[in-house]
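Each protein sequence line maps, in turn, to chains A and B.
Letter 192 of the first sequence, counting from 1, is numbered 192 in UniProt numbering, and no numbers are missing.
Letter 318 of the second sequence, counting from 1, is numbered 318 in UniProt numbering, and no numbers are missing.
To be clear, the hints were calculated from the coordinates, so they are not data collected in a lab.
One or more hints might be untrue.
[Unchecked claim] Distance windows between CB atoms, simulated: (1) A:22 - B:12: 41 to 47 Å; (2) B:340 - A:119: 49 to 55 Å; (3) B:171 - A:163: 39 to 45 Å; (4) B:393 - A:123: 55 to 61 Å; (5) A:206 - B:330: 22 to 28 Å; (6) B:609 - A:119: 34 to 40 Å; (7) B:330 - A:119: 25 to 31 Å.
[As the list claims (entries may be wrong)] Straight-line C-alpha distance at most 30 Å; calculated DSS-like pairs for lysine-lysine: (8) B:560 - B:619; (9) B:619 - A:22; (10) B:619 - A:181; (11) B:619 - A:101; (12) A:102 - B:619; (13) B:560 - B:632.
Note that the Cβ used here is the ideal one computed from N, Cα and C, for glycine as well.
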Amino acid sequence: MSSAELHHHAQTSAPLPPHPEKATLEGRNKILGIWLLIGAETVLFACLFGTYLALRGSNMNGPTTEELFQIPMVAAATLILLTSSLTSVLGVVGMHQNNVKKVQLWFGITVLLGAAFLGLEIYEFIEYVHEGHTFTGSAFGSAFYTLIGTHGSHVLFGITWISSLMIQVARRGLTLETTPKLFVASLYWHFVDVVWVFIFTVVYLMGKVG
Amino acid sequence: MATLVVLLVFALFIGAILTGGYNKQMIERFRSHWLWEWLTTVDHKKIGVLYALGGGFFFIFGGIEALLMRIQLFFPDNHFIVGRDFNELLSMHGTTMIFFVAMPLLFALMNVAIPLQIGARDVAFPFLNALGFWLFFAGALLMNLSWLFGGAPDSGWTNYVPIALNEYSPGTGIDYYVLGLQIAGFGTTMGGLNFLATIINMRAPGMSFLRMPLFTWTSFVASALVLFGFPPLTAGLFLVMFDRLFGAQFFEVALGGNPVIWQHLFWIFGHPEVYIVILPAFGVMSDVISNFARKRLFGYTSMVFATLLIGFLGFMVWAHHMFTVGMGPMVNSIFAIATMAIAVPTGIKVFNWLFTLWGGKITFTTAMLYAVGFIPTFVMGGVTGIMLSVPPADFQYHDTYFVVAHFHYVLIGGTVFGILSGLYYWWPKMFGYTLNETLGKWNFWIFFIGFHLTFLIQHVIGLYGMPRRYFTYQAEDGITLFNQISTVGAVMMAVGAILLVLNIFVSYRQRESLVAGGDPWDGRTLEWAIPSPPPVYNFAQLPQVRALDCWWHEKMEGNKEMEPAEPLESIHMPNDTPLPLIMSIGFFIAGLGLVFRAFEVGIVGLLVVIVAMFMRSFKPDHGYHIEVEEIKATEKGA
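Bound conformation, chain A alone:
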C-alpha cells in the first residue's frame, strides 16, 4: 500500500490491517525510534547504576542498606509493576483484535497499577527520610534517590503518556495513527519494568546480602 492510500485509509473507518502498528512507514519509524531511544536510556541508567554502586557504601551517619530496605514492601511494588507489563500486553492484544473496549480496560489497569507503584515508592521515600536517609545527607543518599527517582519519573511519564493515548483512542478509535502510538508506549512501559527488575536486584537484593 502506498502512503497516499494508507493516508486515505486512516481517515475512513475501513477495517484495520492485521498489524496496524506496522502498516505505515510512520508506524515502522516510530517503532524503530522507540527501540533506539530505549538503547540510549539503557546507557543513561547504566551510568546511574554505576554511580550508585560506587557510592552505596558511603552512607556516613545515615542507615546502611541492610538496615534500610524492607524486602516485603519492595517485593509487592515489584509484583505490581511486573503485572502492569502483563496488562499492557493484553491491551496490545486487544488492539490487534480491533477491540476498543479491551484496549481501554487493560491499558486503564496498567495506568492504575503504575500509579499504585508510584504511591508505594513515595511512601517508601517518606519512610526512609524519617530514618535519616536523605538526598543531601550522604553520597549514598544522593545516588540512591537519583537512580530510583529517575526510574520513578519514567513511570510517571509512562502513566501520563498512556493515559493521554487512552483519551485519543476514546475520541478517535483505533486507527493507523493511534495504534503505533499505543504499541510504542507499551514497548516503553516494558523497558521501564525491565529497569526495575535490575533495580530490585542490584539495589535492594544486593543491598540486603552483598
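Using the hints provided, position chain B relative to the given structure of chain A.
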C-alpha cells in the same frame, strides 16, 4: 515569586497577541512573513541551512575567544587578559568549538546530504529534526548569555569537579555550562536518533547498506555514537546540577562522594565525542576524494568495516584521558593497548584514500584541496595520538601544549578541514550556485598555512614544558618566540576564515554566473542526480539504485537520469509547525530559571514544554499532498 508574576503577565500579553485578542491581523502577518517559514520548517534541507547558520554564528564567538587568548600569550608576563577571565575564555572556546560549532556544522552537512544520498524524501522524524536544531540553538544561546549575565564558566571544557562545585566556583558560570550543555545535548541525541532511523528505514529501493556512500556510512556510525555516547554526559551533568543546585553529595569527599565519577562519565561520553566529530569528516573526505580523483573509492568495504571498528573501539578507550589519575598500571596498560589498536582501522582509511588518489584523474577544486590537505595533517595528529597513548610518556605530555597541539591537529586538520571541504562540495546542492573557486583557493592556502604555523610550534612549546590553560609565561622560559609564531598563525587563520565569509558574500553576488545545475562536479552519488537546490520533495519518483556510486553507474550506462522505482503519484509531506521552537523556548526559560535559582521560573519553562508535547500528541497532523500536476510543473521548471 516576583519574577514569576512578571513572566506570567508577559505570557498572557503574548498569548493575547497571538490569539488575536490584541490585533486580529497580527497572527496572519506573522505567518506570511518569510522568517516564519524558517522558524517553523521541518524540511531537512532548510534545517541543514539553519544548522550551518547556527554553527557559523558560534564559530565567530569561539574564534574571537581563541584570538584573545593568543594575544594574551604574545608577550611573556602580559597583562591583557589574566586569571579568571582567561579561564573563562579557554573554557568557552573549547565548549563552543566542540558543541556549538563542530557538531552543528556536521549536522548541517548530514541533514543536507544523507536523505539525498540514500534517496529519501525526508528524514524519519521531521518534527524531531526541527526540535533537535532548536534545542541546540537554545542551549548554545543560554551558555553564551553567561558572558553578559553572571560570568562565563571557567573550569575548562571538561568541567572537572571539585573545581566546578559551589565551593570553588561560586556564582552562575558553571550552571550555565551544565544547563546549556544539557539542553543542547538533548537536541543532539534526538538528531543522532533521527539519522539512525532515517538510514535504517528510509533508503530507496536497491540502496542496500553496502551501496551507501561513505559519508552516509560514517554519519550512521557517528549517529550511533551520539545515541550511546550522549547519555553518560546527560547523567554526569545531572549529577553536577544536583550537587550545585540541590545540595547532593556525589562529588563531596567529606560526605562520601567521589570526584573521579565525573571524570569517568565525562570521558565515557568525551572519547566517543571525538569520533562523533571526526567520522563524518572522514566520510566527506572519502566522497570528495573519490569524486575528484574520478575513481571508485579504493577498498570501499574495508572503509566501511574500519568505520565500524573505530566506532566500536571509540567506546573502549575513555580512560586514556585519565592516565595520571592513578588507576594503576594494569588499567592504564589495557586502555593504552586499546588506544593503540585504533590506529589500525584509521591507518586502513588513510591508505585507502592514498590508493584512491593513485592513478586518479585529479582536479584540485577547493573541496579537493581541503581533502588532500587533510591527509598529512590528520596523520600528524594521529601520530602524536599514538605518542600520547603510551602511559609513561603521557605522564610527561599530560596537560601541556603538546596535548593542545595534538587535538587541534585532529580537530582542525580533521574535522574543520572536513567541514570546509563538505561546504565547498555541497554548497551548489544547497543553494544552486558554486562558491567562487579563486577566493576558495586563497581561503584554503591562508587557512592551511596559518593552521600549521599556529599548532606545529605548539608541540615544541609543550615539550619545553608549558602547561595548557596557563595565562602567562616568563621571558626566561625561552618560549617567547614560539608563542609569537603561534599567535601570528592564529591571526592568519582568522584571515582565512574571513576570506571564507567574503567568498560566501561574493559568490552570492555572482550567483548568476556560478549557476551549478544538478551535477556541477560530475558526481558519483545519488544527490547529484537531482536538481540544485532540490525541490521540497527531493525525488519526484524514488530512484531504483543498481550499484555503488549509483549515479555514476547510470551515467556510464548512458542514462540521463535515475531509473524510477515507482509511478509518478501525489507525494505526502509533513506540515510546518512552530511547536519545536516553542518547546525549545520552554527549555530555554527553564534553564535560565535554574541558573538563577528561580525554581518557579524553571517549572514554568518545563510546563511550556509539557503543554507543547500534549499539543503535538493530541492534534492529528495529516500533512499535505503535492499533486502530480504540481510535481510535473516543478520538474519542468528545473
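Status of the hints after comparison with the structure:
{"no.": "1", "hint": "A:22 - B:12: 41 to 47 Å", "in the structure": "holds (45 Å)"}
{"no.": "2", "hint": "B:340 - A:119: 49 to 55 Å", "in the structure": "holds (54 Å)"}
{"no.": "3", "hint": "B:171 - A:163: 39 to 45 Å", "in the structure": "holds (42 Å)"}
{"no.": "4", "hint": "B:393 - A:123: 55 to 61 Å", "in the structure": "holds (57 Å)"}
{"no.": "5", "hint": "A:206 - B:330: 22 to 28 Å", "in the structure": "holds (25 Å)"}
{"no.": "6", "hint": "B:609 - A:119: 34 to 40 Å", "in the structure": "violated (26 Å)"}
{"no.": "7", "hint": "B:330 - A:119: 25 to 31 Å", "in the structure": "violated (47 Å)"}
{"no.": "8", "hint": "B:560 - B:619", "in the structure": "violated (43 Å)"}
{"no.": "9", "hint": "B:619 - A:22", "in the structure": "holds (21 Å)"}
{"no.": "10", "hint": "B:619 - A:181", "in the structure": "holds (13 Å)"}
{"no.": "11", "hint": "B:619 - A:101", "in the structure": "holds (23 Å)"}
{"no.": "12", "hint": "A:102 - B:619", "in the structure": "holds (24 Å)"}
{"no.": "13", "hint": "B:560 - B:632", "in the structure": "holds (17 Å)"}
Violated hints for the displayed structure, listed by number in ascending order: 6, 7, 8.
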